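Peer 1: Here is how the chains run, residue by residue.
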Amino acid sequence: MRTMTRRAMRGVGLLCAAALSLTACGSSEESGSDKAVSTGELRTALKKGGSITVWAWEPTLEKVVDDFEKKYPEVEVKLVNAGTGNDQYTALQNAVQAGSGVPDVAQIEYYALGQFALGESLEDLSRYGADQFKNAYSTGPWSAVTAEDAVYALPMDSGPMALFYNKKVLDKHRIAVPTTWDEYLEAARALHAADPKAYIANDTGDAGFTTSMIWQAGGTPFKNTGTDVTVDLTGDKGVTAFTEVWQKLLDEKLLAPVTNWSDEWYKGLADGTIATLATGAWMPANFVSGVESAAGDWRAAALPQWEKGAEVSSENGGSSLAVMKAGKNKDLAYAFNEYANHSEGVQARIEAGAFPATTADLASPTFLDTAFPYFGGQKANEIFARSANQVPEGWSYLPYQVYANSVFNDSVGKAYVSGTTLADGLKAWQKAAVDYGTDQGFDVNK
Amino acid sequence: MGTPSYTDGPAGHRTPPARGVPRRRHFADRPRRSVLLTALMGLTALYALLPLAWLVINATKTQKSLLDSFGLWFSGDFALWDNITQTLTYDDGIFVRWFLNTLLYVVAGAGGATFLAVLGGYGLAKFDFPGKRAVFATVIGAVAVPATALAVPTFLMFSKAGLTDTPWAVVVPSLVSPFGLYLMWVFAAEAVPAELLEAARVDGSGELRTFFQVALPLLTPGIVTVLLFTMVQTWNNYFLPLIMLKDPDWYPLTLGLNAWNEQASTAGGHAVFNLVITGSLLTIVPLVAAFLLLQRYWRSGLAAGSVKG
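Protein chains in written order, with our numbering: chain A, 2 to 447; chain B, 58 to 366.
Treat the hints as calculated values from the structure; they're not laboratory data.
Treat the hints with caution; some may be incorrect.
BS3-like, lysine-lysine: derived pairs with alpha carbons at most 30 Å apart [claimed, not checked]:
(1) A/K169 - A/K79
(2) B/K217 - A/K79
(3) A/K169 - A/K224
(4) A/K224 - A/K249
(5) A/K326 - A/K79
(6) A/K198 - B/K121
(7) A/K326 - B/K217
(8) B/K121 - A/K64
(9) A/K224 - A/K198
(10) A/K224 - A/K447
(11) A/K447 - A/K249
(12) A/K268 - A/K249
(13) A/K224 - A/K135
(14) A/K380 - B/K121
(15) A/K48 - A/K135
(16) A/K249 - A/K428
(17) A/K329 - B/K217
(18) B/K121 - A/K268
(19) A/K198 - A/K254
(20) A/K432 - A/K447
(21) A/K309 - A/K169
(22) B/K121 - A/K173
(23) A/K249 - A/K198
(24) A/K415 - A/K198
(25) B/K121 - A/K169
(26) A/K168 - B/K121
(27) A/K173 - A/K380
(28) A/K79 - A/K238
(29) A/K268 - A/K380
(30) A/K64 - A/K254
It should be emphasised that the depicted structure is a prediction, and the values quoted were computed from it without experimental measurement.
So that you can see chain A by itself, here it is in the shape it has in the complex (with noise of 0.2 Å):
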């Protein structure tokens, strides 16, 4: 009890000072807040009933909260899609900020977990015990949901990279799968000089695929220790490996300017005029519902290496459920949170479509076999899985990285539209988070 309070405290502690500008930190201690609870008080709680509001757009946890309401009888969860991404979070700061309507549960990207985080509106879950959960996630999940001794929220799904490529258009055209990206490259040459309405990829300037490159390619652009931040994206190691290659596919106009999700993305997805996706492991669900009419012509590869003969991967996307401090019944929200991403519900999460983050899942021979119609029978899960495991430690996010994010079109965006290096863009990218950064009280590159 009395290092749990203290560990409690030092993180406290942490946050009012990362915190200074972002919320006031009063000098009370809201007591009874920090208080452990044990999986016999949860028990009671779950018996005693009552209800919890969930926000959440993960479309999986239908599932989940059916069988946990019949499990629980006396809970009731009410889930409710406020939002995807941005919309939701601009909602979340809004109730939080207006101190009503705020929902128990909250799906948050591990992205923006570190916003959340330092606004103080996330519970500690390690006082339930969910610290000792180490073990049971995979590497880049876990760091992103935890940050010193405090653990922000349980990680809900991954995505581990893969290269996902159109066979039929690759072998049409005679181009090998690419194991690098220096291959990547040049089957990008080849693909559009053989078909000029043909692309290897899309893109348009997207910060989550950007970061998640300069991840693999073993680049820390963001570190961020209590009120010190660091914004390195310009000399950092990561960066430059992703922005020699990319200038080159830009230069030479070898991407299609197609905008991810967009209905025209679909479109090239389907018929062919879009080759390949590097992305996370959760986009076999969409391919299945989205590009219905390109089934079969699909496969996943392990994502491109930047040295040859390499094996890391990359984290893209995933998204993790947090417990809010001003929810009204947080010990029946962790429950929940619990039951959705440790216990039962992984299960029905996954036979949904989701992408696990829970490491006994990634290596049950279930999952492994599992065989992808959509991507002529491939067991794909084996890919994925292997790529989970090579995700390299030591990444992390801005503290505001959804502020980050949102203006990265402003900056990087340049580079796609208009004569403006990748490298400059980066630089004003950079720019503009100090600036941010330093307005709101952190020390920022000092």
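Go by the hints and put chain B onto chain A.
Peer 2: This is chain B only, laid out in the frame that chain A set:
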């Protein structure tokens, strides 16, 4: 009055080509200016109708053929009825609920806003009272402030009152229509002659009776105009419900369709572009119907005003 093409007289009668531009074809009897105007009008009409045509055409396609066919022509199975059924039943028929919500917001919000604007406009036009200039300044000022700028303060206010995430949060702000009030004010000043009111008063009619029996019929064209404006505004309102409502059960159609659209851009989400498109088509049908129904009153009203002059 009228374009030359109407005054040309019987077919075959030749008018010299405007500005001496040589005619290339014999049957091109009409002056060139008219051809140009017609072409421009045609282009404008095309520009206005093309999105609508796109919407109608694509509402007939399945999700699959949406992605592998040319956007401006029919392709694949004719799936319109299927799409409509799916739109109405998808996700436990939530579309119908959104439709009813929108209807509620429009009837209560736009209807209420029109009612208040008519009362206020008439009062301001026909009665003198201290502070009228201040009211005028306030109304003009309010017209100038974009609704978007007021959304966040309104949210905080409603949140303190505990009204966010309830239909009140959408209906109450919709009741305020400074532009509608201004329009009614100007219209009432012109359309209701002071002599008529005086005559009614002399005949012993009370103010309320005068308003309902004498002024209101004269105000109909103005009322219809304001009603159309506020209706379209409320029907299409996106930002206000976006920040006020979190519970999809209270979404209006705009938010609901956006939520469906967003589904395509999430990991594991289902792309239902066909439903978004069909839903959009269904969404504009009532607006089109309202315009067709109400424009008669609107037009006759404008004409009446012009004769009175």
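Peer 1: Are the hints correct? Go through all of them and say.
Peer 2: Results of checking the hints against the structure:
1. A/K169 - A/K79: Roughly 44 Å between the alpha carbons, so the hint for A/K169 and A/K79 is violated.
2. B/K217 - A/K79: holds (23 Å)
3. A/K169 - A/K224: violated (42 Å)
4. A/K224 - A/K249: holds (28 Å)
5. A/K326 - A/K79: holds (18 Å)
6. A/K198 - B/K121: holds (21 Å)
7. A/K326 - B/K217: holds (19 Å)
8. B/K121 - A/K64: Between B/K121 and A/K64 the Cα gap is close to 26 Å, so the pair holds against 30 Å.
9. A/K224 - A/K198: violated (41 Å)
10. A/K224 - A/K447: holds (12 Å)
11. A/K447 - A/K249: violated (33 Å)
12. A/K268 - A/K249: Status holds; Cα separation ~25 Å.
13. A/K224 - A/K135: Distance ~22 Å between A/K224 and A/K135 Cα, so the pair holds.
14. A/K380 - B/K121: holds (25 Å)
15. A/K48 - A/K135: holds (28 Å)
16. A/K249 - A/K428: holds (18 Å)
17. A/K329 - B/K217: Between A/K329 and B/K217 the Cα gap is close to 17 Å, so the pair holds against 30 Å.
18. B/K121 - A/K268: It holds: about 9 Å lies between the C-alpha atoms, which stays within 30 Å.
19. A/K198 - A/K254: holds (12 Å)
20. A/K432 - A/K447: holds (14 Å)
21. A/K309 - A/K169: OK: A/K309 and A/K169 at ~25 Å, within 30 Å.
22. B/K121 - A/K173: With a Cα-Cα distance of about 23 Å, the restraint between B/K121 and A/K173 holds, given a limit of 30 Å.
23. A/K249 - A/K198: Between A/K249 and A/K198 the Cα gap is close to 19 Å, so the pair holds against 30 Å.
24. A/K415 - A/K198: holds (23 Å)
25. B/K121 - A/K169: holds (19 Å)
26. A/K168 - B/K121: holds (20 Å)
27. A/K173 - A/K380: holds (23 Å)
28. A/K79 - A/K238: violated (46 Å)
29. A/K268 - A/K380: holds (25 Å)
30. A/K64 - A/K254: violated (44 Å)
Violated hints, in rising order: 1, 3, 9, 11, 28, 30; the structure is consistent with all others.
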